[in-house]
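Undergrad: Sequence:
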Amino acid sequence: MVSVLNTVDTGHEDMIHDAEMDYYGLRLATCSSDHSVKIYDIKNGTQTLTADLKGHYGPVWQVAWAHPKYGNLLASCSYDRRVIVWKEVGEWVKLYEYSSHDSSVNSVAWAPHEFGLMLACGSSDGSLSILTSNPDTGNWEAKKIPNAHTIGCNAVSWCPATAPNPAFDASAASRSPVLVKRLVTGGCDNLVKIWKEEGDRWIEEAKLEVHSDWVRDVAWAPSIGLPRSIIASCSQDRRVIIWSSDDNITWTPAVLHTFDDVVWNVSWSHTGNILAVSGGDNKVSLWRENNESQWMCISEVSKGQGQMAGNEQRAL
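Per the working numbering, the very first residue in the sequence shown carries number 2; after that it's consecutive.
Hints may contain errors.
[Unchecked claim] Dumping the calculated DSSO-like pairs for lysine-lysine here, alpha-carbon to alpha-carbon at most 30 Å: (1) K197 - K208; (2) K182 - K284; (3) K182 - K70; (4) K95 - K182; (5) K144 - K197.
Quick caveat, the hints were computed from the structure, so don't treat them as lab data.
Only a predicted model underlies this, so the values are computations on that prediction, with no experimental measurement involved.
Use the sequences and the hints to build the structure in full.
TA: Next comes the structure, spelled out in structure tokens:
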């Protein structure tokens, strides 16, 4: 049984589109169609509003916390075609604004901290932007991948900086890892795509074709010593697909489940062994792979419930 620890009354005046805890689990950032981003201190079952950030001129779709080694930084993206990076310096201020997309910016994701301060942004104009902060000057540089998804990009997620290696491989620990920047995107063309940085450009490394409707979210699983990479994707086709690969080129799909309604979001636990799924049926479910490589629903909560019931497990 998984209990709901806290319920936050955000005070937003319209629909909430995203809610993200910071690295330490002490702060919550939310964003809404009311054009605002709010930040709360979450301690001992209580919440305190510490910032109400006004800078967007349209619905704010997503927020993302940077790694704390770079300070308290939060990125937000909006229907107003802009990405804003906020920084706490006593109070929260606008550190950087990016406005070179031609349509709504739907997703933002920070790269693993080992790569520096980098932010990927996916837009309805079909392009993907990679924003990089120069540590010496503080200036931001932008690289754009045009036509990443022909009808629009809905989601982006980074590959972990730690390459998949067997936990028992002693020789792997002695080798200097080659860090390769990769990310996965999902789009309105029903495709999931893998991108890899080569030199000063990004190339399409793989195109994954299983979904039959818009891909709404993608999530690259954290690396926990397994000899494979795992990605989850969800779609308006009501399916969640688990993709696995040993070489990041050839990917094998497995349908986790076909749900009763559109699936909006997928998110991995920090250990990479539990997947949270939320969708249009107003339910959040938790899934885990068993020893027979079957994905089991271990908990589920519906809108308005205070606990997640895990009595009934479904093997698919």
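Undergrad: Any hints from earlier that this structure breaks? Give me their numbers in increasing order, please.
TA: 2
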